[in-house]
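Asks: Taking the hints into account, I'd like the entire structure generated from these sequences.
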Amino acid sequence: MAKIKKKGQSGQAKNYITRTQAVKKLQISLPDFRKLCIWKGIYPREPRSRKKVSKSATASTTFYYTKDIQYLQHEPLLQKFREQKVLEKKISRALGRGDVSDAARLERNAGRPDQTGKPRYTLHHVIRERYPTFIDAIRDLDDCLSMLFLFANLPSTTSVPAKMIARCERLCHEFQHYLITSHSLRKSFLSIKGIYYQANIQGEDVLWLVPYKFNQRVVGDIDFRIMGTFVEFYMTLLGFVNYRLYSSIGLKYPPKFDQTKDDKGAELAALTLEGVNLATNEETTKAITNGEGHGPDPKVQAEVDKLVKKLRTESAADKADEEMADGEEEEEENATDAIDKFEPAAPGGDVLPQPTYSGNDPSKLFANCTLFLSRETPRQSLEFILRAFGCKRIGWDPILGEGSFTTDESDPSITHQIVDRPIVQAATTEQGDGEDNQTAQKLGPNQRYPGRIYVQPQWVWDCINDEELKSPELYAPGASLPPHLSPFVKPTQGQYDPTIPLEEQETEGEALDAAIEEAKDEVESDEENSEVDNDMDVADDNDNDEEEDSDAEEDEEVEDEEDEDEDEEEVLQRQRELEAEISGKAVKSKQVDPKLKAKLEKKKALERKKKEEAEDLERAKGMLSKKKRKLFEQMQYTNKKKSTEDMKLRSKRRKLEKEKAAGKA
Amino acid sequence: MGIRFGSNPQRPVSQLSSTDPIAATVKGGACPCVRACHQPGDARCFSQATPGRSSALGGRHEQAARSIRPEPRIGCWPGHPRLTPRAWYFMRHVQGFLSYQSRTPAEILKTRTPLCVSGRVLWARLAVDENTKKKLLASNDWFDRQQPQPQSKMPVLKAPSGNTDAPSQYKQPSRKGKKAWRKNVDVTDITKGLDQLNTQKIIGGVIAEKDSADLFVLDVKGDASITKKFPKIKKGLKSDEILAARSAVPAVPMRKRPAHDKTTDGVLPVKRQRKEYVSGKELSRLKRVADGQHDSTVDIVDAAFDPWADEPQPEPEKAVELAFLPEKEKPKKPKTLEQQSILLSANGKPIPAVYVPKGGASYNPDFTEYRERLIEESEKAVEAEKKRLAELEAERIKLEAAARSAAEAEAAEARADLSEWEDDSAWEGFESAGEELSVKAKRPRRKTQAERNRIKRRKEEERRQKHEAAMKAKNAQAERIKQIALEVAEKERQLALEKAEFSDAEEIGDDEKLRRKQFGRYRLPEKDLELVLPDELQDSLRLLKPEGNLLKDRYRSMLVRGKMEARRKIPYKRLAKTKITEKWTYKDFQLPA
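These protein sequences, in sequence, are chains X and Y. Oh and the first sequence: position 650 is 650 in UniProt numbering, straight run, nothing missing. Oh and the second sequence: position 545 is 545 in UniProt numbering, straight run, nothing missing.
Don't take every hint at face value.
[Said to hold, decoys possible] Using 27 angstroms as the maximum straight-line C-alpha spacing, the simulated DSS-like pairs for lysine-lysine come out as follows:
hint	chain 1	residue 1	chain 2	residue 2
1	Y	Lys330	X	Lys5
2	X	Lys652	Y	Lys358
3	X	Lys89	Y	Lys281
4	Y	Lys513	X	Lys642
5	X	Lys628	Y	Lys349
6	X	Lys627	Y	Lys482
7	Y	Lys491	X	Lys641
8	X	Lys14	Y	Lys517
9	Y	Lys349	X	Lys67
10	X	Lys40	Y	Lys349
11	Y	Lys569	X	Lys25
12	X	Lys40	Y	Lys517
13	X	Lys25	Y	Lys349
14	Y	Lys333	X	Lys52
15	Y	Lys513	X	Lys490
16	Y	Lys573	X	Lys85
17	Y	Lys332	X	Lys40
18	Y	Lys330	X	Lys24
19	Y	Lys569	X	Lys40
20	Y	Lys563	X	Lys118
21	Y	Lys318	X	Lys163
22	X	Lys118	Y	Lys328
23	Y	Lys563	X	Lys40
24	Y	Lys563	X	Lys80
25	Y	Lys563	X	Lys55
In case anyone wonders, no lab produced these hints; they're calculated from the structure. Only a predicted model underlies this, so the values are computations on that prediction, with no experimental measurement involved.
Replies: Encoded structure:
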């Protein structure tokens, strides 16, 4: 006979442990336990049956895996927590005695473990443990970056000390510097919440969200102790990630930090990158200093920069080759030769994600531009994006902080200026606008420096998302901007996409329909031209409308019967004859021009083909199981619904375009 | 010893202490009263004050008294023109007991205040008005009385008196040999006793031999007024006595001392050196640290190495002699640690840390995308509002029902009251006809055949009806089953449709629709509505009003991804509830009978 199993000694009862039990087992306080769990990545678990785990468990009891907690008992950080507990006891005892200076001494000594001989506790080993490989760390960077960028933008309070904020800010700037030098920023999106950025680091896409400046209010219902714990962990993580990334591109970590510059709001420019060896040192420092203190002509400087850049890319390419030989995974954007573009084999086919940066190098997108940011623009994000896409010379208003290429708005080297101010209507009058007096010290309102392109900030974002310099007329100050679309939403097959021209996205049938309609219109317009003297215009128009409507209906009905079509033709023919009779003219039945006829035939062929395909499908469906068939039907149903919607949108656009063309003509 | 003195054989002379007042008077020559007055419980001293005897000592005592208070005296003793020094001293001394604060008997007499000089055994009464005075002067009103000494209200503690030396033998030199025996006999106690005896004889006879009637006068008459004036002193409780005890050491004066005088004992305190100044802010911080609110436990330092570097860690070389020791095993990472946290999405699909933003979230969105989003959000809002309204309605209905039932109950009660009233009519004798009928008892009898048939028919009919109803229900159910099947098919289709819709597009979970079971006591906070309303929509970045709170967003994201359980800030810890009650003991008094 098998041994009788006792209740509560195996299975779930042994595998899970309640939070209280865990805290008691580890002999630490609950907040410390929470901290430890966050750092070590120990999460609450859900047993299949609460009652089986513990009789007294209620709905709000939190469980953990017993093995996780057992493993926690070996954690060196636990010792630290216990030491802290001892210290707390000592301090409270000293305070109870009224010996405040003794309490202060105890606290002070605990704060400098190097002098008291006690070990320092860091989270280094935890990072190694939680992210066995670098790629693991990069995959978790989304959360890390969002958190740190958020904390870097918080106002300092008692719960969020200024030291923590400064550290977050520095780490974020270091990371941004890496993205700038390695040109690995890919996309950015201005949303109502904040600015999204996407970078590609060693083949992994990293997406993070940065809040707009000066917008964060600290609300009460957030546990800052927990957030602070996460931030502590992520600060350590990002420090290591930065170290690794910097050393991977031959830079020294940590970069030199200039406190005075940072105090003046230099942000990115407060950090000076240094190469590991001397030869690279000069280049990099030059590249980062924003061409400050430019004695020579900026154009010459730009050329020199370009040369240097070229040299560097070549050397980098060489390096990359070597690395590829070594089997490393760092072989991204430095390939200079063009990559094949995947074209859809058939129209309306799968649009594959194109290999990025085939023709124009995104790292040189703004390389030839010298930009100037007006004071109402978001400088931090613009500077970062522009630099990441190759802009070397960015000037801005002195109000926006230090570190600009130039603060002089009238600098002749400026090619683009980013403004976000409406055109003042009263500008033509001599007095000018009262509001704009501050900025109008040099130039009147609406006055522009010649030889310079003025754009709104969205231009920069749209440029980098489309990897090309967009035409600036669309983004001129005062112009109504085109919609800012999310670059992260992948267009699905056959879906209406407002950014692509109509010809690229319409289906064959639609194109044919459009052509036929056009041809008909032409014919009718000819007719109308010939019937100018007649008083039938209004009726004619009505007829045309009806025809169009019926056409539209036809479009919607995908599986139209051929004979029906023919019937309609006959009906139309008859109507025409009737009209001719009334007007007393010869029947223009043979007026259908050969082009139209060919198209009509083509359409018929297409429809026949479609019908055949549908029949094939029907036959194939018969082979499927009932369940699968239903699923398939539903899929078809939804697809049809979507495609009709898209078709409507496209037809609307076609109409608009046609009207526009007519207006132009 | 065997040697006894005096006529009273029960009283050995040796037992007479050296502090015996009489002996001391004789020997030392000081006023015996001075001591006697301080010695409680000794009656003899005042017995000396009897008229017959005082003359013998008169001169000497006068001397002593004069030295104390050289004041003219007034006689108040029938045989003596002046107060005896002893009596005078006594009067002076017991002034503490006098309600009257005069210094001398003359004053007392002058002011005509009743005076009672009370000593241990002597009760002296001085009349105030002329009659009393005369009476006092005429009669022998000084008499001795056996009275316990009235206690002062606060007995004064005294240091223990007597010999404090260690107990010793007689200080008697050796008496070895006959000569030494004769020479060195210590006869002090004998001589002392003899002296005492002599003294007693001089004073008026050996006390021990005297009759107690000679020594004491029994006051049989008494005075009713005295008891009134001096309320009977009750022996208090021991505890009260202890509590009332005061130290012989004088109390520290309560008077305010001058500012410059910082000491009581004349020794200046050592000025404590202030070691280190700790500001109030620092102190409060320390208090917080002691309370467990330290800012950080770990150090965040600049990264100085690559944790993912491939180079192997150099192993510490073991000494050759320790090579036999087994390697210390490192704790193995459990497999459970690798498991993903439990996501709170309703469909269990992975939730990304940062959601990929849709086009509708753009600051300058495309119209169609924005409209879609707006419709979606507004539908959600409408749904929520509907739910809220439904809840309100349900609440209202519930309340109404409760009110109605309460009203009904009230009405029923009222009716019951009314019927009670009607019952009275029955009691009074009026009854309706129906009531009379119901009272009539049913008489048992046999059923007729017709009746039996009728019953049978009725039963048959009932059975048939029942069967028909059952059949009808069955048919209806069959119909219903068909309908349900249709509905299920429709639902399935819908589900599959949703599935199909989701399957091709969405691989990520929704962070708004959450699973029912969550961690911890508190529900997850609702997601903020992140939508710019149409009238606030701007196409300029400068005019953009950012929506949503990123802090909350991040916090919620952590919770939704199951990294921890939801918490809520508790600003104040809840204390144990205290209930205030009133004691009614002040009402528990008793009326005097």
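Asks: For every hint, state whether the structure bears it out.
Replies: Going through the hints against the structure:
For the hint linking Lys330(Y) to Lys5(X), the alpha-carbon distance of about 32 angstroms lies beyond 27 angstroms, and the restraint is violated. Restraint check: the Cα-Cα separation between Lys652(X) and Lys358(Y) comes to about 23 angstroms, which is no more than 27 angstroms; the hinted pair holds. For a cut-off of 27 angstroms, the pair hint linking Lys89(X) to Lys281(Y) stands: about 20 angstroms separates their Cα positions. With a C-alpha separation of about 24 angstroms, the suggested pairing of Lys513(Y) with Lys642(X) holds against the 27 angstroms cut-off.
Of the pairs offered as hints, the one joining Lys628(X) and Lys349(Y) holds, with about 23 angstroms between alpha carbons and a cut-off of 27 angstroms not exceeded. Under the criterion of a C-alpha separation no larger than 27 angstroms, the hint pairing Lys627(X) with Lys482(Y) is consistent with the structure, at around 19 angstroms. Restraint check for Lys491(Y) and Lys641(X): the C-alpha separation of about 19 angstroms stays at or below 27 angstroms, so the hint holds. Our distance criterion of 27 angstroms between C-alpha atoms is met by Lys14(X) and Lys517(Y), whose separation comes to about 22 angstroms.
Distance hint between Lys349(Y) and Lys67(X) is fulfilled; the C-alpha atoms sit about 26 angstroms from each other, no more than 27 angstroms. Taking the CA atoms of Lys40(X) and Lys349(Y), the gap is about 24 angstroms. The hint holds against a cut of 27 angstroms. Of the supplied pair hints, the one linking Lys569(Y) and Lys25(X) holds, its CA atoms being roughly 26 angstroms apart against a limit of 27 angstroms. Of the pairs offered as hints, the one joining Lys40(X) and Lys517(Y) holds, with about 24 angstroms between alpha carbons and a cut-off of 27 angstroms not exceeded.
Taking the CA atoms of Lys25(X) and Lys349(Y), the gap is about 34 angstroms. The hint is violated against a cut of 27 angstroms. Proximity of Lys333(Y) to Lys52(X) is assessed by CA-CA distance (about 26 angstroms); at most 27 angstroms being required, the pair is judged to hold. At most 27 angstroms may separate the alpha-carbon atoms for a hinted pair to count; Lys513(Y) and Lys490(X) meet this at roughly 24 angstroms. Taken as a hint, the Lys573(Y) and Lys85(X) pair is honoured in the structure, with Cα atoms around 21 angstroms apart against an allowance of 27 angstroms.
For a cut-off of 27 angstroms, the pair hint linking Lys332(Y) to Lys40(X) stands: about 14 angstroms separates their Cα positions. A distance of roughly 24 angstroms separates the Cα atoms of Lys330(Y) and Lys24(X); the hinted pair therefore holds under the 27 angstroms criterion. As the CA atoms of Lys569(Y) and Lys40(X) are separated by approximately 24 angstroms, the hinted pair is consistent with the 27 angstroms bound. With a C-alpha separation of about 32 angstroms, the suggested pair Lys563(Y) and Lys118(X) falls outside the 27 angstroms cut-off, and the hint is violated.
A C-alpha spacing of about 43 angstroms is found between Lys318(Y) and Lys163(X), which places the hinted pair above 27 angstroms, so the restraint is violated. The straight-line distance between the Cα atoms of Lys118(X) and Lys328(Y) is roughly 24 angstroms, inside the 27 angstroms bound, and the hint therefore holds. Taking the CA atoms of Lys563(Y) and Lys40(X), the gap is near 11 angstroms; set against the 27 angstroms cutoff, the hint holds. Using a Cα cut-off of 27 angstroms, the hinted pair Lys563(Y) and Lys80(X) holds, with the two alpha carbons roughly 23 angstroms apart.
Pair hint Lys563(Y) plus Lys55(X) holds up; C-alpha atoms about 26 angstroms apart against a cutoff of 27 angstroms.
Consistency with the previously given hints fails for numbers 1, 13, 20 and 21, ordered from lowest to highest.
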